[in-house]
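So the protein lines, in turn, are chains H and W. Position one of the first sequence corresponds to residue 409 (this note's numbering), numbered consecutively onward. Position one of the second sequence corresponds to residue 409 (this note's numbering), numbered consecutively onward.
Derived by calculation from the structure, the hints in this document are not laboratory data. It is possible that some hints are incorrect.
Same chains, same names: a pair is fine if it fits in one copy or spans any two.
[What the hints assert, rightly or not] SDA-like, lysine to any residue: derived pairs with alpha carbons at most 25 Å apart:
(1) 503 to 558
(2) 677 to 429
(3) 798 to 637
(4) 528 to 737
(5) 677 to 637
(6) 494 to 472
(7) 677 to 635
(8) 503 to 709
(9) 677 to 433
(10) 615 to 502
(11) 677 to 555
(12) 677 to 557
(13) 615 to 429
(14) 528 to 765
(15) 798 to 635
(16) 798 to 632
(17) 494 to 615
(18) 528 to 796
As the structure is a prediction and not an experimental result, all values here were calculated from the model.
There are 2 protein chains.
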Amino acid sequence: MFPPLALLVGSGADQLALQMLLVFGAAKLLAELATRAGMPGIVGGLLSGILLGPSLLNLIRYNDLLHALSELGVMFLLFQVGLEVKVSELLRVGKTALLVAISGVAVPFAMGYAIYIGAKHPQPEALFMGAAMVATSVGITAQVLSSKGLLEHRTAKIILGAAIIDDVLGLLVLAVVSSMGEGRGIDYTGLLTTTVVSVVFVAAIVKYGTGAVRIVVPRLARGMRLHESEYAIAVTFLFGMALLASVSGVAAIIGAFLAGMALAEIASKRLHTLVQGAGELMIPFFLASIGLQLDLHALASGSSLAMAIAILIAALNSKALGCGLAAWRLGWKDAARIGIGMAPRGEIGMVIAQIGMSRGAIGQEAYGVAVFMAVMTTVVAPPLLDLAYKDIAQPPRGLPPDEEPVQLG
Amino acid sequence: MFPPLALLVGSGADQLALQMLLVFGAAKLLAELATRAGMPGIVGGLLSGILLGPSLLNLIRYNDLLHALSELGVMFLLFQVGLEVKVSELLRVGKTALLVAISGVAVPFAMGYAIYIGAKHPQPEALFMGAAMVATSVGITAQVLSSKGLLEHRTAKIILGAAIIDDVLGLLVLAVVSSMGEGRGIDYTGLLTTTVVSVVFVAAIVKYGTGAVRIVVPRLARGMRLHESEYAIAVTFLFGMALLASVSGVAAIIGAFLAGMALAEIASKRLHTLVQGAGELMIPFFLASIGLQLDLHALASGSSLAMAIAILIAALNSKALGCGLAAWRLGWKDAARIGIGMAPRGEIGMVIAQIGMSRGAIGQEAYGVAVFMAVMTTVVAPPLLDLAYKDIAQPPRGLPPDEEPVQLG
Numbered sequence: 409m410f411p412p413l414a415l416l417v418g419s420g421a422d423q424l425a426l427q428m429l430l431v432f433g434a435a436k437l438l439a440e441l442a443t444r445a446g447m448p449g450i451v452g453g454l455l456s457g458i459l460l461g462p463s464l465l466n467l468i469r470y471n472d473l474l475h476a477l478s479e480l481g482v483m484f485l486l487f488q489v490g491l492e493v494k495v496s497e498l499l500r501v502g503k504t505a506l507l508v509a510i511s512g513v514a515v516p517f518a519m520g521y522a523i524y525i526g527a528k529h530p531q532p533e534a535l536f537m538g539a540a541m542v543a544t545s546v547g548i549t550a551q552v553l554s555s556k557g558l559l560e561h562r563t564a565k566i567i568l569g570a571a572i573i574d575d576v577l578g579l580l581v582l583a584v585v586s587s588m589g590e591g592r593g594i595d596y597t598g599l600l601t602t603t604v605v606s607v608v609f610v611a612a613i614v615k616y617g618t619g620a621v622r623i624v625v626p627r628l629a630r631g632m633r634l635h636e637s638e639y640a641i642a643v644t645f646l647f648g649m650a651l652l653a654s655v656s657g658v659a660a661i662i663g664a665f666l667a668g669m670a671l672a673e674i675a676s677k678r679l680h681t682l683v684q685g686a687g688e689l690m691i692p693f694f695l696a697s698i699g700l701q702l703d704l705h706a707l708a709s710g711s712s713l714a715m716a717i718a719i720l721i722a723a724l725n726s727k728a729l730g731c732g733l734a735a736w737r738l739g740w741k742d743a744a745r746i747g748i749g750m751a752p753r754g755e756i757g758m759v760i761a762q763i764g765m766s767r768g769a770i771g772q773e774a775y776g777v778a779v780f781m782a783v784m785t786t787v788v789a790p791p792l793l794d795l796a797y798k799d800i801a802q803p804p805r806g807l808p809p810d811e812e813p814v815q816l817g
Numbered sequence: 409m410f411p412p413l414a415l416l417v418g419s420g421a422d423q424l425a426l427q428m429l430l431v432f433g434a435a436k437l438l439a440e441l442a443t444r445a446g447m448p449g450i451v452g453g454l455l456s457g458i459l460l461g462p463s464l465l466n467l468i469r470y471n472d473l474l475h476a477l478s479e480l481g482v483m484f485l486l487f488q489v490g491l492e493v494k495v496s497e498l499l500r501v502g503k504t505a506l507l508v509a510i511s512g513v514a515v516p517f518a519m520g521y522a523i524y525i526g527a528k529h530p531q532p533e534a535l536f537m538g539a540a541m542v543a544t545s546v547g548i549t550a551q552v553l554s555s556k557g558l559l560e561h562r563t564a565k566i567i568l569g570a571a572i573i574d575d576v577l578g579l580l581v582l583a584v585v586s587s588m589g590e591g592r593g594i595d596y597t598g599l600l601t602t603t604v605v606s607v608v609f610v611a612a613i614v615k616y617g618t619g620a621v622r623i624v625v626p627r628l629a630r631g632m633r634l635h636e637s638e639y640a641i642a643v644t645f646l647f648g649m650a651l652l653a654s655v656s657g658v659a660a661i662i663g664a665f666l667a668g669m670a671l672a673e674i675a676s677k678r679l680h681t682l683v684q685g686a687g688e689l690m691i692p693f694f695l696a697s698i699g700l701q702l703d704l705h706a707l708a709s710g711s712s713l714a715m716a717i718a719i720l721i722a723a724l725n726s727k728a729l730g731c732g733l734a735a736w737r738l739g740w741k742d743a744a745r746i747g748i749g750m751a752p753r754g755e756i757g758m759v760i761a762q763i764g765m766s767r768g769a770i771g772q773e774a775y776g777v778a779v780f781m782a783v784m785t786t787v788v789a790p791p792l793l794d795l796a797y798k799d800i801a802q803p804p805r806g807l808p809p810d811e812e813p814v815q816l817g
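Generate coordinates for the entire structure from the input sequences, incorporating the hints supplied.
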């Protein structure tokens, strides 16, 4: 029989369609099932990766394309969240966010380091495990709060602000850990430069972004003859800021969030919907990619499974403790909400574990433990958040009647 | 100095952001300039690829990621167009479309073959050049007509219908050419199987798709608790149909178009906008990818440039002649519109040239000529279409006041 064109062509159009169908379809199907089981839909998206990946069905291998779609997905997720957040409101909680971030970095790092040193692992491994536990993957929490219409809540603002500061702190921890792990002295000049560049970048965008955007974007959009010019400008701005953030040493998604926030006050309803159209397509790839990177077989031995569970429990408790204590004066309920909201380590924790492995600082087993911790903190956070915010499940704030609240996932 | 996190990470978040920014930004900027120069915006998107690619600035190399985004872009483009087209209207022009497709395959093939044989090139090369000239990249024309609100025009229906049939015919031509080029006999059983499978697939979707979708989709969407369930279903359906089409031997984009068309009668306004949000993001990558594959340096010698221009002129005239004559009874104006609308060879022509090269049937020079022909037929078509439809630039048909017509690109 004659082979079908697509195979003959080798262009991979069929493979592309197959991957898109499997990941998108499974993520949405499991999201629906999760919703019916009374859980946030996002849990289904996360589980779909575990289901399709090496841990269970082994249908799909995490690859460059899925990685790129996942990165785009989380960029759009944070961009969408940014569009819902006003800079002034974020600044108002600045001091609490700073405290939460610092304490939420110190406690998990110390706990991870202590457990690994206590179990007689080599110091570089303990350092990297601590660093992996520092990371916060804010996308998951932002998504849950956004879908509940709770981005206006002060705890949401604190979590978002703390996550940005956390990213800068995580960068420094990683730098220090890398130097120490390789037995080099700490490069204080380099550290200072990194800190200054990343802080100046974030501060400049937070301080001047909205103002500059308010002056430039509407004029530009009006002056352009291209159809959907506002969307074209917004997406260009999004990628530009993601790039600038990367170059300044901050995560690309922080750039995406800052871009969204700078646009928040002038974004039209149509822009929201168009951005949502792109986000709804790609966010499932972000969610699935987290689970796709988990291979439970790596934890087959009893001792590594026990260690993975110990690290998971430490990861959850250390963030809850670190962040919760720093936010204690808001009352125990809000403190708990913040502690849970900062728990997911997601893709950030995995990236740090990958760096550790690529430098030979951590072995295959510790890598497996770190990935397990990153994935499971991410999977358990949404249902816990659901519970923590149950008593303030407020209806979305007053939107025009035909505007729907941003619902990610 | 300490390297920035993204470089340290090697996750390529910065490279991803850079590529997205360059391609998307350049495509939109040139689209704006094209619009101001009185040309369709799509021309700017196409030129951006030539500008960024090896022909001029050499800033970006066409790679797997851009290829995947480009495939997704053209899938969404055809899906969007499908959403605007009713099956019944397409069937009404079926016979004319069939004539246009057959004649539009025969004349270009004969001309390409004759020129190459006349210039004393080997027969396999002449066969593949003919096959590359047969292809129709319908996305470009569909995009121009959609942006002018002219998808309702009978010529638009004929072009879309003919492009689908053209895809099946092109598949057969490629099969025959491949056998002959390799000196094998023609596998008539294989040919028949391919024909039957692809025709049955298309016919089944055209005949039963809308009906099935009308029964299943609204119930499914109502029954689901997931937010934006209609979009989730539509996108899953899109990828499923693209995959089925690929497997049946038809291009994935034909599947995407059929999926859109099956949904056309029940798609909500919100679904249109969400799909547009995804499409607006990815279509620029499709447009740019065409130009990115062109390397004018391949035509540096005088004789290959002369051949490229000869083939380009033949490609334009042969489609105009073949399709125009078949549609002559509609009057010379509509015949000319159809002849121009079928001209772009785009990505389809390039894929066939790639197959020819990978099989050793055509050399580097003939490949360069075919790519030049594919790109230039695609670049010149939109301005010519603009002219051809100037006197019927009708306003978009009666839409609800706040609904904007689908404007691609």
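Structure-based check of all given hints:
1. 503 to 558: within (21 Å within a copy, 57 Å between copies)
2. 677 to 429: Intra 29 Å, inter 24 Å, cutoff 25 Å: inter-copy only.
3. 798 to 637: between (40 Å within a copy, 24 Å between copies)
4. 528 to 737: Result: close neither inside a copy nor across copies, 38 Å intra and 87 Å inter.
5. 677 to 637: Classified as both: same-chain Cα gap 14 Å, cross-chain 20 Å, threshold 25 Å.
6. 494 to 472: neither (34 Å within a copy, 38 Å between copies)
7. 677 to 635: both (16 Å within a copy, 18 Å between copies)
8. 503 to 709: Cα proximity of residue 503 and residue 709: none, with 45 Å in one copy and 67 Å across.
9. 677 to 433: Cα proximity of residue 677 and residue 433: across copies only (22 Å, versus 28 Å in one copy).
10. 615 to 502: within (13 Å within a copy, 61 Å between copies)
11. 677 to 555: Classified as both: same-chain Cα gap 17 Å, cross-chain 22 Å, threshold 25 Å.
12. 677 to 557: Both: 16 Å inside a copy, 23 Å across copies.
13. 615 to 429: between (42 Å within a copy, 24 Å between copies)
14. 528 to 765: within (18 Å within a copy, 59 Å between copies)
15. 798 to 635: between (43 Å within a copy, 19 Å between copies)
16. 798 to 632: Intra 46 Å, inter 22 Å, cutoff 25 Å: inter-copy only.
17. 494 to 615: Result: close within a single copy only, 12 Å intra versus 51 Å inter.
18. 528 to 796: Intra 37 Å, inter 78 Å, cutoff 25 Å: neither.
In summary, the structure is inconsistent with hints 4, 6, 8 and 18 from the numbered list given earlier, while agreeing with the others.
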